[in-house]
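Quick note, the sequences are listed as chains W and R, same order.
So in this note's numbering, the last one in the first sequence is 453, and the numbering has no gaps at all.
So in this note's numbering, the last one in the second sequence is 282, and the numbering has no gaps at all.
For the record, the hints were derived by calculation from the structure and aren't laboratory data.
One or more of the hints may lead you astray.
Taking CB as the label site, the calculated pair distances span [claimed, not checked]:
#, chain 1, residue 1, chain 2, residue 2, range
1, R, Leu1, W, Ala235, 20 to 28 Å
2, W, Ser130, R, Leu84, 34 to 42 Å
3, R, Leu1, W, Met173, 37 to 45 Å
4, R, Ile260, W, Ser452, 40 to 48 Å
5, R, Thr157, W, Ser346, 49 to 57 Å
6, W, Phe453, R, Ile101, 39 to 47 Å
Mimicking SDA-like on lysine to any residue, the simulated pairs with C-alpha atoms at most 25 Å apart in a straight line are [claimed, not checked]:
#, chain 1, residue 1, chain 2, residue 2
7, R, Lys259, W, Pro240
8, R, Lys259, W, Asp117
9, W, Lys119, R, Leu211
10, W, Lys349, R, Ile96
11, W, Lys203, R, Trp129
12, W, Lys119, R, Asp215
13, W, Lys349, R, Gly111
14, W, Lys119, R, Ile96
15, W, Lys349, R, Asp215
Beta carbons: idealized from backbone N, C-alpha and C, even for Gly.
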Amino acid sequence: MTKELFGLTPSRRAILKGAGAGLLTAGFAAPVWSQSAPIKLGFQLHRTGIGAAYGRWYERTAQAALKVVNDAGGINGRPVEIVFEDDGTDPKRGAEVVEKLVSQAGCDLVFGPLFSHVVIGTAPRAAELKVPYLVCSEGYHVASGMLNRWTMQPGITDVHAQVSSMAPWVLANLGKKVTMVFPDYAFGHDHRDFFTAAVQANGGEVIAQIAIPPTETSFTRYLPQIPADTEVLYHVMVGPAVLTFVKELGEFYGSGPRPEIFGFIDSLEAVDTASPGLEFLEGTHFWEGHNRVKQADASEHETAYRAAVGVDDNGASLSDAKDVATYAHMFSVWETLHVIKAGMEASGYQSIADRQKFVEAVEAMSDMPASLAHVQGDKKFNGKTHQVFGHQFISKVEGGKLMRVHTTSLEDGMYEDAVDYTSQSF
Amino acid sequence: MAFGPFLFLALLEGTVMAAVLALTAVGLSLVFGVMRVVNVAHGEFFMLGAVAAWFVTYYLPFPPAVTWTIALLIAPLFVGAIAATADVLVLKRLKYDPEATIVATIGLLYILQQAALTFYGPDARPVEPPFHLRLQFPWFGYSGYKLFVVLAAGLILLAVWAFMTRTKAGLVMRATQVDMETARAFGINVDRVYAGTFALGAALAAAAAVLIVPIQQAHYLMGHDPLLLSFIVVIIGGLGSLRGTLVAALIIGLSDGVISMFFSPTLAKIIATLLVALVLVFRPQGLFGAKA
């Protein structure tokens, strides 16, 4: 082989020279790790299936966060690696992916999944394998006590807190009679249950609830179910057909009278708000977990985060303005990786034997001040319910761009604990 | 919304669905009628049509109306060529054995779907409609493009009918359908007829997809629904009967539109499936199918 490559057998001197040069390059190029093996983090990624748009950006965000962590010396002085594995946004494959990441790739823990049906389908397997499972799914299933001690959500606020913190503003500013359109599965049901409750608590009324299967591709047929006396239309959709949903909503109302519209940005994640057919969104409101369009008061941390992930001021990829980010959600990946770093350092994590210590260290966390680790803003983690609470933003479409008009406080979203995971056994 | 406008919107939606369904199902029916092949990969030809339309409209530097028209010409040709290749490379070698071709087309389904995932990616991507026109009725607005879809699908179906009944190629196809052995004895190149039929069936699915893709979006998993609905239509109408396919597409499309609006889309699917079961029990050859 060598002979074929070089044409002749290399001399001893040539080999020594080459080896020396190699050593020098290696020594200068990378930080000197303390000879230890890297920490391996498994990433359960929605690279294909209905969550693919999120998957693309979650992978980029994870890579960017990984670079920041490694440039700052890794975790406990060890370099960090992420092993990505596609779950097809499929609950059944989710469990297999966790199994594969843990048993075959030897990952220390698993993080990153978003879609709630996948998380719910996967979490039991993570508990059986006794591996920390840090999800970015927004669902109330973590804090409700449905899952287990190994499953935690330290990177993003859950739907329960999101909708109850925003309901008062929606009712005070947009209207009291609400019609809800939501996807017909766990995530949508959280919206239905908690927003309806919050509306009632604030003196409003939900007059219709329209559930749409998440795989639906045509929506006009559902729209006549919206009662004519609706004052606020609340919509949240997911999946590959979200753009169709919003376009058909625009066609349906046309230039005629329409209610106020309050949507979750999920209905338009990875979609340009200036797309043709979306002009009717002007003046409507959206929830955003993180403002896609860079706001005037953006912190230096957020600016650094945008640059690191490669997102421009409009929330699209720096290299392709048509490639719009899932900006309202993907900060959760960045923040979760930083929580992992903090948890591993607090617990002195060395090997998989310390997995339990790591979970306990994260449970001990509480205040998370805004920083490069928490670019979306300050947060409070509840160790008992394994759920974090952050600020929520309401934005208005002005000139085709999402501009923030309201920020909720952390307390707005707090609710009573439904579970104490710390009292459960490992 | 009052009953009248409600029904009107339901019928509009149903008509659009019926038109696209008829186009897709006619391809499936044609392939079965002439070749006796149950093409499980038919939905993937639909998907390929939509994906091809995305590539054409995305990369050609013309206005949407022009690129979309080019897509309507190129996508069916491209998909038809793939289908003809599949016929020659796979189906012909199986001697069109009914069981073997079902398994082979299931394989083809996965190959095409994964190829789309590999080369096109997992994202749903929008295609610009050739024109933006919104019809504003007193009660609701409606996309003018959707009505154009009905018109275009009707014209394409008319062209298929003229092709089958007025041209020599159509005559040859019908002759092969009636009796393949005798047709061969009369000097008809049955292999070529089969490849052509399979290509035509796929091209029709692709054309339907190009029509529908500005309303939906191109996605590698979009072939499931059209396949299922086409089978429902073809079974109710009678496998191999073009007239039956058209009538069944109208029944299923309109009833789906109306039932989904007044009750729920899930109920519409349940009733369509129930209808298939009833047809299979009481009239296995379908409404217009010839007795086997």
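* Can you list which hints this structure breaks, lowest number first? -> Hints 10, 15 contradicted; others consistent.
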